[in-house]
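Asker: Here's the letter readout for the chains.
There are 2 protein chains.
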Amino acid sequence: MQLKVIAFDADDTLWVNEPYFRETENRFFELFQDYLPQHTVARELLKTEIDNLTLYGYGIKGFILSMIETALRISEKTIPLEVIERILQEGKDLLQKPVEIIDGVEDVLNALKGNYRLVMATKGDLLDQERKLKKSKLEHYFHHIEIMSDKREDDYRKLIKHLDIKPEEFLMIGNSLKSDALPVLNIGGHAIHVPYHITWAHETIETTIENKNFRQAEKIRDVLKLL
Amino acid sequence: MQLKVIAFDADDTLWVNEPYFRETENRFFELFQDYLPQHTVARELLKTEIDNLTLYGYGIKGFILSMIETALRISEKTIPLEVIERILQEGKDLLQKPVEIIDGVEDVLNALKGNYRLVMATKGDLLDQERKLKKSKLEHYFHHIEIMSDKREDDYRKLIKHLDIKPEEFLMIGNSLKSDALPVLNIGGHAIHVPYHITWAHETIETTIENKNFRQAEKIRDVLKLL
Chain B
1 MQLKVIAFDA DDTLWVNEPY FRETENRFFE LFQDYLPQHT VARELLKTEI DNLTLYGYGI
61 KGFILSMIET ALRISEKTIP LEVIERILQE GKDLLQKPVE IIDGVEDVLN ALKGNYRLVM
121 ATKGDLLDQE RKLKKSKLEH YFHHIEIMSD KREDDYRKLI KHLDIKPEEF LMIGNSLKSD
181 ALPVLNIGGH AIHVPYHITW AHETIETTIE NKNFRQAEKI RDVLKLL
Chain G
1 MQLKVIAFDA DDTLWVNEPY FRETENRFFE LFQDYLPQHT VARELLKTEI DNLTLYGYGI
61 KGFILSMIET ALRISEKTIP LEVIERILQE GKDLLQKPVE IIDGVEDVLN ALKGNYRLVM
121 ATKGDLLDQE RKLKKSKLEH YFHHIEIMSD KREDDYRKLI KHLDIKPEEF LMIGNSLKSD
181 ALPVLNIGGH AIHVPYHITW AHETIETTIE NKNFRQAEKI RDVLKLL
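Protein sequences, first through last, are from chains B and G.
Positions 1 to 227 (the numbering used here) are the ones given, in order, by the first sequence.
Positions 1 to 227 (the numbering used here) are the ones given, in order, by the second sequence.
It should be emphasised that the hints constitute simulated quantities derived from the structure, not laboratory data.
Keep in mind that a hint or two might mislead.
If several chains are the same, the list does not tell them apart, and a pair holds so long as it fits within one copy or across any two.
[What the hints assert, rightly or not] Okay, derived cross-link-like pairs now, DSSO-like style, lysine-lysine, Cα gap no bigger than 30 Å in a straight line:
id : residue 1 : residue 2
1  : K92       : K158
2  : K225      : K135
3  : K97       : K225
4  : K77       : K161
5  : K47       : K134
6  : K97       : K4
7  : K4        : K137
8  : K47       : K161
9  : K92       : K137
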């Protein structure tokens, strides 16, 4: 590998994210526990989120709007307005969660920062990701921050062009095979998958990646052994 | 002026934006017309928006969430759920508005593109602004697109550093004295104010700018005479 740039996904790669969403979802499910089984509410919420993804994009604000829409639909507009108020508050709470750095992240960033240009490349709401980066105190490790509306091949092509490097000089590290590994490998870059113990249903894929530029890690610290 | 980069604000500078928000707001006011005077609803909505700005940031999704919150509060949770459904739909409609380029914009971009690096610098939801840029068919004029969570002095300092130029080589053109002119002038850049016939209350300021780097235009076409 002739790497110049190592890019890190943020949510569930650098810091804890999905567990906070899950906690909020669980409280959402509880609002309907007397009427509907949890798996039905979960399925309906995911359906709303995916239907709205092209319009709302990734991030908490779209998630809140999708929860409200789902609440109206599955209750056939019979829930009290207190439920809507509660969902709005859940969203505000989610936007103000502390940022908990995943174990080993700082060791890896410290070990790599002198030898590579480090980049953070993440999806989500612009302001929310900037706020989390600031709270994380990791900003100083990164040469460049890219907050992307999506992580498809074209989005990575633009990022690599912007960084003025070749795809083979780019390594992406992240917890999503679908967003962090596959599109990067498809355009000739390198990828290391560092799984997180829970993944959003929309980010999961059933596949085995066979690509000479792909490495599987168990923990973020393994990255150092793989380079 | 030894300009290298000319940056354009997007909403209400390159394309029509605020009128769409106003139309949506007017339909929101109508929902309460039997209970509350319009100016009261307008004041309450603006209050909610400003209170939520640090948490939600700029853009349509935050606006929808603030409309829902305002509807709950001013009705003391007595509105039917159809109102919430209606607000969600208004938000989706707003996200899908056509992009109408303001008269003269293409002439100005065409005249300038050979002599300067042109940049688009805008606030708002990442995905929404990217979508509008794509719909606008103006993307090819721009060397760089910057979607910012805010437009304060520090945000412009970062942009200018990223563009690898000096502040005095940077000109910002936009419809907001508060966001497009003042912070840029304060850090040593140039600004041209091109007013739009309506401005969001939160963007209006009562001031007269006296700065050798500031120019007032009436229409976007005047920019060519001022350079």
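Asker: Hint by hint, say whether it matches the structure.
Answerer: Hint check results:
no.	hint	result
1	K92 with K158	between (32 Å within a copy, 28 Å between copies)
2	K225 with K135	within (29 Å within a copy, 46 Å between copies)
3	K97 with K225	neither (32 Å within a copy, 50 Å between copies)
4	K77 with K161	neither (49 Å within a copy, 51 Å between copies)
5	K47 with K134	between (32 Å within a copy, 27 Å between copies)
6	K97 with K4	neither (34 Å within a copy, 42 Å between copies)
7	K4 with K137	within (23 Å within a copy, 34 Å between copies)
8	K47 with K161	neither (35 Å within a copy, 42 Å between copies)
9	K92 with K137	within (22 Å within a copy, 36 Å between copies)
In the structure shown, a violation is registered for the earlier hints numbered 3, 4, 6 and 8, in ascending order.
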